[in-house]
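Engineer: As a plain string of letters, each chain reads:
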Amino acid sequence: MKRYLPFIIVVGVGLATFGSGAMLYHTKHSQLQAIPEDKALSADTSSESMHVRGNPNAPVTLEEFGDFQCPPCGSFAAFAEEVLKEYDSRVRLVFHSFPLSAHEHAREASLAAEAAGLQGHFWEMHDVLYREQAAWSKAPNARELFESYAGTIGLNVDQFKKDMDGEQAKARVDADKARGESLGINLTPTIYINGQPVDPKDKNPEGVRAAINAALAGKPHA
Amino acid sequence: MTVSRFRTILYTIVAIVALAGLADATYLTVQALTGETLSCGGSPDCFRVLGSSYGKLGGIPVALLGALAYFTVFTFATFAAFGYSWAPKFVALIAGAMFLATLWFLYVQAFLLHAYCRYCLFSAALTFLIAGLLIAVPPSRRGSAA
Numbered sequence: 001m002k003r004y005l006p007f008i009i010v011v012g013v014g015l016a017t018f019g020s021g022a023m024l025y026h027t028k029h030s031q032l033q034a035i036p037e038d039k040a041l042s043a044d045t046s047s048e049s050m051h052v053r054g055n056p057n058a059p060v061t062l063e064e065f066g067d068f069q070c071p072p073c074g075s076f077a078a079f080a081e082e083v084l085k086e087y088d089s090r091v092r093l094v095f096h097s098f099p100l101s102a103h104e105h106a107r108e109a110s111l112a113a114e115a116a117g118l119q120g121h122f123w124e125m126h127d128v129l130y131r132e133q134a135a136w137s138k139a140p141n142a143r144e145l146f147e148s149y150a151g152t153i154g155l156n157v158d159q160f161k162k163d164m165d166g167e168q169a170k171a172r173v174d175a176d177k178a179r180g181e182s183l184g185i186n187l188t189p190t191i192y193i194n195g196q197p198v199d200p201k202d203k204n205p206e207g208v209r210a211a212i213n214a215a216l217a218g219k220p221h222a
Numbered sequence: 001m002t003v004s005r006f007r008t009i010l011y012t013i014v015a016i017v018a019l020a021g022l023a024d025a026t027y028l029t030v031q032a033l034t035g036e037t038l039s040c041g042g043s044p045d046c047f048r049v050l051g052s053s054y055g056k057l058g059g060i061p062v063a064l065l066g067a068l069a070y071f072t073v074f075t076f077a078t079f080a081a082f083g084y085s086w087a088p089k090f091v092a093l094i095a096g097a098m099f100l101a102t103l104w105f106l107y108v109q110a111f112l113l114h115a116y117c118r119y120c121l122f123s124a125a126l127t128f129l130i131a132g133l134l135i136a137v138p139p140s141r142r143g144s145a146a
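Quick mapping for you: the protein sequence lines, in order, are chains A and B.
Per my numbering: the first sequence ends with 222, consecutive numbering throughout.
Per my numbering: the second sequence ends with 146, consecutive numbering throughout.
Bound conformation, chain B alone:
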């Protein structure tokens, strides 16, 4: 398998993982917008996590920001998979920011709220997976633009 093909496969997987994250974050966004944080799939702790003051940033549900982030990663990973040379650095940038945000939210759940929302943990796992996949992407040779 050539390095280029390997990169394409990895970015395709990143895009698919980002799609799963997008679905998860979209569901949580709808829950937050309708005020249905109580019935987060029957998980008792969702109420504590999503309904807490950490569930919003400047009045905007964090889940909505997450959905936008996943969509951005999906977009750039798709372009990267199609060989657009400018895309990988944006994927890495957004995924890096998401990784840091995920660490913060895990800290909030573990040490400040003492409650875990299963959808948030699923999202955290996806973000870590994306970060791992991006680390595994071999460096590109210059001038491989589509």
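With the rest of the complex left out, here is chain A:
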């Protein structure tokens, strides 16, 4: 029996690894398939609440539905900034809040960003929220931190507090969320380039750059 034992162990481990890998792949793949690859954004990207960074007339629009408490969105935010520098005036970034209900402070963070936006500092708050994500995500009272960030980026904090509770910020967050839901989005970040969804498999620097280059060349990306 001892003679066969190493063979049994190796085959057992091989099968267990392959099986668990296949199960994990299947689970993740099913989640990813939930993203509507066939749904393009409508041309209606001119709503008042739209937050644009970069050249407003850029030929390529990188549009993101993001959740401020989602770590991958934080990674993507840093990458998007690189992309804007790299492509200069040829790419603009549009951000839509899509707070996932699984994230305790995500909606409050979206309200904070919108409240900052009402004072003309959406992107400053956007950057601080992602940069400090690890701190406020675990804080029992994230709102206190948001208010301190508001002070740091030079907002009128009293106005910021009022706006966070106001109808305007709430309406903007709700409108973005409703828009995302109408597109069938349930994962963040979900990215569109010139209205076409980026395949989840291409949600990496190479894939996004390739899609932008294709859009610049006037070709539909995969």
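Some hints could be false.
Unchecked claim - Anything over 12 Å on all C-beta distances counts as not near chain B; from chain A, calculated:
1) 94
2) 108
3) 168
4) 174
5) 184
As the list claims (entries may be wrong) - Across the chosen pairs, the derived CB separations fall in these ranges:
6) B:68 - A:152: 43 to 51 Å
7) B:99 - A:55: 41 to 49 Å
8) B:5 - A:27: 39 to 47 Å
9) B:111 - A:210: 46 to 54 Å
The set of hints was computed from the structure by calculation and includes no laboratory data.
Predicted, not measured: the structure shown is a model, and the values here were computed from it.
Glycine residues also receive a C-beta, built at the ideal position from the N, C-alpha and C atoms.
Put chain B on the given structure of chain A with help from the hints.
Structural biologist: Frame of chain A; chain B shown alone:
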């Protein structure tokens, strides 16, 4: 403790460490195959590392090659622990190649990408541990085949 028993223990530890590496590399392989490199356990730099052009070799995710390498080390270390005399040289060969590949990937992360993926660093630590354990294995006496 006899030299033979000491060797058996060391190869058993190598096999266990390789199992940990296999789990890590399998997870990264699934991430790469599903395109989920963004959400590599919440680590911001994983996106830069795994999504870079260095994350694939001829279209094959490097993590998959890593998983195969760890499985090979596990296999040969298991046979070595059971006293198969032909196995140790294969463990050393594969572990040596993994050690060199790890040095390259650490260089890529540090100097080319300026970003570190925590799963890749964990894998690097495991590879160094395997290399250290193999160096500690005393030389065998000839004819100790099972």
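Engineer: Hint by hint, say whether it matches the structure.
Structural biologist: Right, here's what the structure says about each hint:
The non-interface label for residue 94 of chain A is consistent with chain B: the shortest C-beta to C-beta separation is roughly 19 Å, beyond 12 Å. No beta-carbon of chain B comes within 12 Å of the beta-carbon of residue 108 of chain A; the shortest separation is about 20 Å. Remark: the non-interface label on residue 168 of chain A is consistent with the geometry, its nearest Cβ contact in chain B lying 31 Å away (cut-off 12 Å). The Cβ of residue 174 of chain A lies farther than 12 Å from every Cβ of chain B, with a closest approach of about 26 Å, so its non-interface assignment holds.
Once the 12 Å rule is applied to beta carbons, residue 184 of chain A is consistent with being away from chain B; the minimum gap is 18 Å. In this structure the hint that residue 68 of chain B and residue 152 of chain A lie 43 to 51 Å apart at CB holds, the actual value being about 49 Å. For residue 99 of chain B and residue 55 of chain A, the hinted distance range of 41 to 49 Å is satisfied, since their beta carbons lie about 48 Å from each other. Distance hint check for residue 5 of chain B and residue 27 of chain A: the Cβ-Cβ separation is about 42 Å, which falls inside the suggested range of 39 to 47 Å.
A beta carbon spacing of about 25 Å between residue 111 of chain B and residue 210 of chain A contradicts the range 46 to 54 Å that was offered as a hint.
Taken one by one, the earlier hints fail for this structure only at number 9.
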